[in-house]
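Visitor: Going from the sequence shown to the numbering used here is simple: count from 1 and add 285.
Careful: at least some of the hints might be erroneous.
Stated by the list, open to error - Below, simulated DSS-like cross-link-like pairs (lysine-lysine); rule was C-alpha separation at most 27 angstroms, straight line:
{"id": "1", "residue 1": "Lys338", "residue 2": "Lys304"}
{"id": "2", "residue 1": "Lys294", "residue 2": "Lys321"}
{"id": "3", "residue 1": "Lys338", "residue 2": "Lys294"}
{"id": "4", "residue 1": "Lys318", "residue 2": "Lys297"}
{"id": "5", "residue 1": "Lys304", "residue 2": "Lys342"}
No lab work stands behind these hints, which were simulated from the structure alone.
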Amino acid sequence: MITIHVSPKLSKDAIHIAKILLNNGEQITVLPKQRKQVEDILAGIKNSDADVKVMGKTMIITPLGQ
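Can you make the complete structure from the sequences, with help from the hints?
Guide: Next up, the structure:
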């Protein structure tokens with residue numbers, strides 16, 4: 286599992302990195318600094334084939350079939 290800490294300035298880069306990791310079959314934990322970023326990240330990975338669990342600000346993203 287890979288953990289990504291996301292700052293408000295780098296959220297677009299984090300979404301791009303998360304998509305690449307998901308395409309490679311990696312499970313990701315995303316720790317955004319702000320709750321609003323969770324919604325932005327979810328919208329960014331919406332079209333990815335992944336199971337997303339959100340607990341507070343922490344997101345655990347697992348590729349489907351893993």
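Visitor: When the structure is checked against the list of hints, which entries are broken? Sort them ascending.
Guide: none
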